[in-house]
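Line by line, the protein sequences are chains A and B.
For the first sequence, the working numbering assigns the number 82 to the initial residue and increments by one for each residue that follows.
For the second sequence, the working numbering assigns the number 82 to the initial residue and increments by one for each residue that follows.
Hints are computed from structural coordinates only; laboratory data are not their basis.
If you're wondering where the values come from, they're calculated on a predicted model, not measured in any experiment.
Warning: the hint list may mix true and false statements.
One copy or any two copies: either way a pair holds, since identical chains are not told apart in the list.
To be verified - Result set (BS3-like, lysine-lysine): computed pairs, CA atoms no more than 27 Å apart in a straight line: (1) LYS188 to LYS261; (2) LYS203 to LYS189; (3) LYS168 to LYS95; (4) LYS203 to LYS95; (5) LYS91 to LYS168.
What follows is the residue order along each chain.
2 protein chains.
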Amino acid sequence: MHTEFEQYLKSQAKLDEDAIKAVICMATHRSLAKNGLLLQSGEICRHKVFILNGMLRSSVITANGSEHILQFSPENTWTLDVESYDKEIPSAVNICAVEPTEVLLWKKADFQNLLSEIPGLKNFSQQLISRNIYYSRQRIATVLGGTPEEKYDDFIRTFPGLMMRLPLRMIASYLGISLKTLTRIRHAQLHHEAK
Amino acid sequence: MHTEFEQYLKSQAKLDEDAIKAVICMATHRSLAKNGLLLQSGEICRHKVFILNGMLRSSVITANGSEHILQFSPENTWTLDVESYDKEIPSAVNICAVEPTEVLLWKKADFQNLLSEIPGLKNFSQQLISRNIYYSRQRIATVLGGTPEEKYDDFIRTFPGLMMRLPLRMIASYLGISLKTLTRIRHAQLHHEAK
Numbered sequence: 082m083h084t085e086f087e088q089y090l091k092s093q094a095k096l097d098e099d100a101i102k103a104v105i106c107m108a109t110h111r112s113l114a115k116n117g118l119l120l121q122s123g124e125i126c127r128h129k130v131f132i133l134n135g136m137l138r139s140s141v142i143t144a145n146g147s148e149h150i151l152q153f154s155p156e157n158t159w160t161l162d163v164e165s166y167d168k169e170i171p172s173a174v175n176i177c178a179v180e181p182t183e184v185l186l187w188k189k190a191d192f193q194n195l196l197s198e199i200p201g202l203k204n205f206s207q208q209l210i211s212r213n214i215y216y217s218r219q220r221i222a223t224v225l226g227g228t229p230e231e232k233y234d235d236f237i238r239t240f241p242g243l244m245m246r247l248p249l250r251m252i253a254s255y256l257g258i259s260l261k262t263l264t265r266i267r268h269a270q271l272h273h274e275a276k
Numbered sequence: 082m083h084t085e086f087e088q089y090l091k092s093q094a095k096l097d098e099d100a101i102k103a104v105i106c107m108a109t110h111r112s113l114a115k116n117g118l119l120l121q122s123g124e125i126c127r128h129k130v131f132i133l134n135g136m137l138r139s140s141v142i143t144a145n146g147s148e149h150i151l152q153f154s155p156e157n158t159w160t161l162d163v164e165s166y167d168k169e170i171p172s173a174v175n176i177c178a179v180e181p182t183e184v185l186l187w188k189k190a191d192f193q194n195l196l197s198e199i200p201g202l203k204n205f206s207q208q209l210i211s212r213n214i215y216y217s218r219q220r221i222a223t224v225l226g227g228t229p230e231e232k233y234d235d236f237i238r239t240f241p242g243l244m245m246r247l248p249l250r251m252i253a254s255y256l257g258i259s260l261k262t263l264t265r266i267r268h269a270q271l272h273h274e275a276k
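With the hints as constraints, model all of the structure from the sequences given.
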């Protein structure tokens with residue numbers, strides 16, 4: 082049923098078949114329609130989430146109603162609100178489907194058991210945490226320091242496949258620039274390429 | 082010699098005296114003058130750093146020479162460029178003293194040994210990593226989403242003691258706003274308080 086996820090665990094986490102079976106055995110499957118909410122701010126984030134296909138976005142909504150996107154999570158990535166999950170406190174984050182999306186979910190207690198029983202999963206999990214830290218640091222530097230053009234180029238380089246799947250307003254929100262500025266940059270680049 | 086650091090390890094990491102002795106035994110002490118460089122971009126970050134007193138800042142310098150500050154590290158905090166340290170690759174970050182600063186340094190191999198020998202240190206180290214992740218996520222949300230006034234208020238709330246120790250241009254660089262905007266906000270608030 083989850084052949085691609087099995088393949089992912091085998092190639093990325095180097096788990097053997099028994100371990101893979103144990104991990105999958107504890108997961109529940111869920112389908113989300115486009116714009117479906119997986120986590121609403123105010124709720125406690127109680128699951129680890131793996132995206133089988135589709136894409137989620139994690140965002141915060143400010144007091145004046147504008148959305149700021151922290152992260153896109155396409156297929157074969159993991160997501161959660163880590164602070165809410167660790168501390169079991171209400172989340173400040175919404176996690177929502179950009180496209181029709183299928184996910185696997187693990188309850189915290191179940192995932193903790195898997196981590197303590199499968200050393201390979203624990204190692205892999207720590208690698209994912211490290212990557213997340215490097216990425217956050219890079220993202221802070223880009224958001225702080227880049228011109229809008231640099232931010233856009235950085236996005237294209239980091240997520241070459243996502244551009245065509247996302248509405249421009251979401252990319253603008255992720256980059257912290259206005260839709261107008263993003264449209265201007267795209268227009269200039271398309272014009273440049275057409276020459 | 083390092084009574085305050087001993088106190089810190091006792092109260093924050095709940096280590097016993099033998100463990101504290103082992104941790105301190107592996108450290109080397111270093112003093113930095115104001116503006117002294119602890120890590121220059123291009124070098125590999127080879128040490129864990131604990132700040133005994135003073136303050137460091139971690140920043141990236143863009144191609145056009147402007148500085149973007151990722152982090153301030155005052156006394157009783159830890160710092161390093163985590164990606165450079167983990168992967169042993171050249172760092173993109175400068176770590177530099179804002180004030181005359183004294184630090185303790187541990188070589189990576191020595192700190193790894195301490196982590197594997199002292200379970201309490203390992204737990205504490207993981208707590209610090211988690212806090213760092215929560216903080217980075219919060220910082221991305223603030224930099225992306227806040228008005229300059231919100232960013233400034235957030236800074237005052239998060240680092241109540243640092244305001245008076247930092248030149249305004251560094252605070253502006255940390256917040257990703259112009260010095261002119263920061264000066265305007267400060268002026269408006271002082272004017273408001275004086276009423």
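Here is what the structure says about each hint:
1. LYS188 to LYS261: Neither: 42 Å inside a copy, 49 Å across copies.
2. LYS203 to LYS189: both (14 Å within a copy, 21 Å between copies)
3. LYS168 to LYS95: between (29 Å within a copy, 20 Å between copies)
4. LYS203 to LYS95: For LYS203 and LYS95, both the intra-copy (11 Å) and inter-copy (24 Å) Cα distances are at most 27 Å.
5. LYS91 to LYS168: between (30 Å within a copy, 23 Å between copies)
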